[in-house]
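Undergrad: Residue strings, one per chain:
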Amino acid sequence: NAGVTQTPKFQVLKTGQSMTLQCAQDMNHNSMYWYRQDPGMGLRLIYYSASEGTTDKGEVPNGYNVSRLNKREFSLRLESAAPSQTSVYFCASSADRTIYSNQPQHFGDGTRLSIL
Amino acid sequence: KNQVEQSPQSLIILEGKNCTLQCNYTVSPFSNLRWYKQDTGRGPVSLTIMTFSENTKSNGRYTATLDADTKQSSLHITASQLSDSASYICVVSPMDSSYKLIFGSGTRLLVRP
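Protein chains in written order, with my numbering: chain Y, 1 to 116; chain C, 117 to 229.
In short, the hints are calculated from the structure, not lab data. In this text the structure is predicted, and so the values were computed from the model without any measurement. Glycine included, each C-beta is placed from N, C-alpha and C at the ideal position. Treat the hints with care, as some may be off.
[As the list claims (entries may be wrong)] Some chain C residues close to chain Y (C-beta under 7 angstroms, calculated; not the full set):
#1 Thr142
#2 Pro145
#3 Gly159
#4 Ser162
#5 Ile165
#6 Phe168
#7 Pro210
#8 Tyr215
#9 Arg224
[To be verified] When the alpha-carbon atoms are kept at most 25 angstroms apart in a straight line, the in silico DSS-like pairs for lysine-lysine are as follows:
#10 C:Lys216 - C:Lys173
#11 C:Lys187 - Y:Lys71
#12 Y:Lys9 - Y:Lys57
#13 C:Lys173 - Y:Lys57
#14 C:Lys216 - C:Lys187
#15 Y:Lys71 - Y:Lys14
Assemble the whole structure, with the sequences as input and the hints as a guide.
TA: Right, dumping it as structure tokens:
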């Protein structure tokens, strides 16, 4: 019963490098989300996908791109990494297409990304 | 600006004791209020979800309350255990968005033997 799986768990990049964070869920959920968590701050939404084939910007989308490859997978790409993108990145999924319902979001265990 | 403020920032209690964590929010109107538990190095895990019309919701030793008039919620932990050591995050979903959740910065709880 894996739930939400994120890879890699840790990554160190140099400024200007690119990389893709992978996320997969096995719960047949419709919605998927990418958040970042910084010290002393609440989680902030980067991008979300309400269903396969759709993606929309969240609160802090600049410097990121996403791809909803299929219903299971939702990837986050940093095209040219900057030190300000050093953070812990969480992927989440939920059954419904909106958050108005009482369906909880299920989170992965995060990717810890450091950009030097 | 919509905000979710939690207090205290950190708390230390002895095993077996009870504690209450506070959440004040200015988000209005909202569709639901959630509490999550986040263990160190792990992702958040849902504890309770309350709609704006609910006053209380329990999950084992965790009981969340909601007072929509004062815009306050609390999470009460009964008979604490060492495994309760974690961060507890209050989250509010504003009614004007179908996808957005506003997260508090959390209360870090340490339960000592």
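Undergrad: Now tell me, hint by hint, if it's right for this structure.
TA: Checked hints:
no.	hint	result
1	Thr142	violated (14 angstroms)
2	Pro145	violated (12 angstroms)
3	Gly159	holds (3 angstroms)
4	Ser162	holds (4 angstroms)
5	Ile165	holds (5 angstroms)
6	Phe168	violated (11 angstroms)
7	Pro210	violated (9 angstroms)
8	Tyr215	holds (5 angstroms)
9	Arg224	violated (11 angstroms)
10	C:Lys216 - C:Lys173	holds (22 angstroms)
11	C:Lys187 - Y:Lys71	violated (37 angstroms)
12	Y:Lys9 - Y:Lys57	holds (24 angstroms)
13	C:Lys173 - Y:Lys57	violated (32 angstroms)
14	C:Lys216 - C:Lys187	holds (19 angstroms)
15	Y:Lys71 - Y:Lys14	violated (32 angstroms)
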